[in-house]
Amino acid sequence: MASIPVRPCLRRVSRALAESNPRDTHAHLTNPLRRWTGSTLPRASSSSPFSTSTRLAAAAAASSTRRTGSTLKISRKSNAPTSGGKPPGRGERKAFRKKIVLSNANALEVDGLGELSPRAVADPAAHCRVLALPGAVVDQLRLLGAFKPTQGWKYFRRPATLMRAESLRLASVVDGMAEGKEPFRAIVSGERGTGKSALLTQAMAMALLKNWVVISIPDPKDLILGHTDYAPLPDTEPQLYFQKAYTARLLYNTARANRDVLREHTVSQAHPGLPSSVSPDMTLDRFAQLGARDSDFAWPVFRALWAELTKPGLGRPPVMLALDGLASLAGPTEYLSADVKPIHALDLAQVRHFFEQLAGRSLGGPLAAEQRLPNGGAVLAALSQSERPPRTHTAAVELAVAQNEARAAAAEGPPARPYDRDIDHRVYDALREVRALKVGALSREEARALVEYYAKSGALMAPVSEAFLAEKLALAGGGVVGELERGTVRAGL
Amino acid sequence: MCARREHRDEDDEDAGDAGEMSLRAVFESENKASKEIWPDKMSQLEALEELGLADLRYKTLDDADALQDELQAQLPAIRRQVDQLYPTRADARPQKVDDFWHEGDQLEPGDEFEDDAFDHDDISSLAHGELERQREVRELMRVAAWEMPLLGKLAKEFQPPTAAEPLRFRYTTYLGEEHPAARKIVVEFCPGDLPDLTRVQRDKLIKLCGARYNPQTEIVRMSSDAFETAAQNKRYLGDMVLSLLREARDPADTFEDVPFDFRHHKPKLWHAFPKQWLMTEERKKELDQRRTQRYLAEVERIEKGTLVDGARIVAKHMKQTAAAPEPSLMEMVGQRRLGAS
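Chains as they are written, first to last, in the UniProt record's numbering: chain A, 1 to 493; chain B, 1 to 341.
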């Protein structure tokens, strides 16, 4: 019996303590710490402005002489302010959430940081270099919605991007584009965090540097969520719908971002149905502003502007159409038709316009006039893996992309699934022929350049040795750039 | 039984010594002399032995004969007594009750009777079962040893099916036993092997076969057990294939507008080990070379001092900013004023 270990029983210990110190109700007077806090309860943290524990603690202290245990307490709602601060105004929270910070005064300036320039776009030696975006281009890109709040721009002194292999491919496209050349149409695909949106940003930056006209739909979800007004477009069969407020906003951003280029070109043809204030010598910049100001004319002006930009033989600049988050548009929308059926995204004029440009052909219907980009250009649509719509939207896009990726790799892709109910056949037919530009993992050299840039910016307090890089690459899925940033920059902050 | 036999042996010895013989010895000696079998006498003897009358000793065979005649006379009485003691099966049958409640009852051949009383002269049923099993095993082993080798004479060389035999039938036998699945026939064929089919006709055949077509193996598999016999089922399948072929060749509707529907098939994924991953000597060499290059580059970076060290860069920056004191507030205000003006 003596060998049985004695297990301490907590209940017994506490009972023994209570017996040795019977009901010391004045403990808070003898205990200096408790006297100082003025409460028998642990002191509530006053650092949190939203915390209610102070008030609760005070109430508990006031009622310390009463019997303990739960009591029914019926009281009126108190109007006393809990935090004392002013609650955030309407839209402030969202503005804070969507805030895009492109500079950080605490980050170090990187010595010898190159800048993206028209010459660098054409330079294959820029591979594995981190190049800053010029200030003017940053402003343009901001207007085009090319920066996303989740991207890590706020950790660095100024926006800079890594020239990876895929960037160089797009650079060669932008650099080699000329009038009469076949435009580059592609869906930028890849796993989550591989840098699809950043690649789109780079492409837009390079196009802007090369004096292209860039039209960007940064958040296509806005087109289908039912948040902007819509109306049937007259004389269309099948019935199309246009969204004048969205188009006006798009015209505004396009006109401001491409102001310098658009100013150099004037209206060259008559556009019936537009206000009489359109004169032949009007610059395209003012023309676009006209549509932006008066949303009733937004859609006709957009169509007319597109007709002007795609008119051959006038030395018009190439056009880049960019869209981030293609799958949002691949299915029915929140809008309802006259017979209370969901409108398909391809029946929205703005969306159909983009899809026809992406497919390079007419999808049937009335908007088939100008499918070609005779002055050259590029149509890029990136997929978004972080914001995935339901499978009814993604299935068609993913199947088309998988087949096109396989075709690019000369491999056998997945078969078509004609009986899959989740596949939207209109979308699948539109995207079937569009090439897929797959963004993969960074190579080791690219990753080294990027991580060294992190270290030089002061965002990474470690030597970039071979072992360190190998570890971070392994943890980042072999070079998924978003995970690499998370493992190095964000992990240290 | 054995105990009784031993007892009898002892008796024989005793008889030899004393010149007297037990009844059994007398019987047996006579039996030996005449070389006849007296089964009736032996059964009588056994009955006597049961009654304990066989232990009487006899001097000569004549005495025995006299006694035997006497016993012969008593035998019916003895037999009655024996029957009473040991009723046979026929006697043990339950008497039919002839009353209202059992009217029309007839004893069936399979009706149960009481077992014979056990006389401690036999092994248990389990033991009998074990013996039976042993016999069966030995029987089979004899078959395996003597008869099975002869089966080799019946062996035929495998002839792979020719192009003229595109159908493959599967039969099932349960080796003489009756089984509901014994009549089932399965036929398999590859639509591409069927003769005289154009591509469109072949596709139509595949569409007609529906879920019976496996797109991964490209084999159609049909079965039938609807009829009584295997031959009927095989005939039915053959007719079915013929009618499918007839329909497939019918140009009235080629089904070209109907896409293939393979939803019934879940493809089996098979990932082959990539050849590039095989750790060959060249691959090892290549990897070693790459590692060496990386190592040398690292050494070079360290020696030249070009290794980027974030902590050192930040420390250096802090030192520089500390060396150049921040402009005072007054200076900053002054500068701003100057810049503004």
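Honestly, I wouldn't trust all of these hints.
Cross-link-like lysine-lysine pairs, in silico, BS3-like; alpha carbons within 27 Å at most [unchecked claim]: (1) A:K154 to A:K244; (2) B:K207 to B:K156; (3) A:K148 to A:K73; (4) B:K319 to A:K154; (5) B:K319 to A:K438; (6) A:K148 to A:K221; (7) A:K154 to B:K316; (8) A:K94 to A:K244; (9) B:K234 to B:K268.
Now the stretches of chain B that chain A is said to cover, found in silico as 3 or more residues with beta-carbon under 8 Å [unchecked claim]: (10) 69-81; (11) 281-290.
A partial selection of chain A residues facing chain B, derived with a Cβ cut-off under 8 Å [what the hints assert, rightly or not]: (12) L72; (13) I74; (14) A105; (15) A107; (16) P418; (17) Y419; (18) A455.
To be clear, the hints were calculated from the coordinates, so they are not data collected in a lab. Cβ coordinates follow ideal geometry from the N, Cα and C atoms, glycine included.
Evaluation of the provided hints:
1. A:K154 to A:K244: Distance of about 34 Å is beyond 27 Å: violated.
2. B:K207 to B:K156: 39 Å, violated
3. A:K148 to A:K73: 49 Å, violated
4. B:K319 to A:K154: 24 Å, holds
5. B:K319 to A:K438: At roughly 45 Å apart (the allowed maximum being 27 Å), K438 of chain A and K319 of chain B break the hint.
6. A:K148 to A:K221: Cα-Cα ~14 Å, so holds.
7. A:K154 to B:K316: With Cα atoms ~22 Å apart, K154 of chain A and K316 of chain B stay inside 27 Å; holds.
8. A:K94 to A:K244: 24 Å, holds
9. B:K234 to B:K268: Violated: K234 of chain B and K268 of chain B sit about 30 Å apart, past 27 Å.
10. 69-81: violated (count 0)
11. 281-290: With 0 residues close enough to chain A, the hint is violated.
12. L72: 59 Å, violated
13. I74: 57 Å, violated
14. A105: 12 Å, violated
15. A107: With Cβ-Cβ at 10 Å, over 8 Å, it is violated.
16. P418: Holds - the Cβ of P418 of chain A comes within 8 Å of chain B, reaching about 4 Å at its closest.
17. Y419: 5 Å, holds
18. A455: Result: holds, 4 Å to nearest chain B Cβ.
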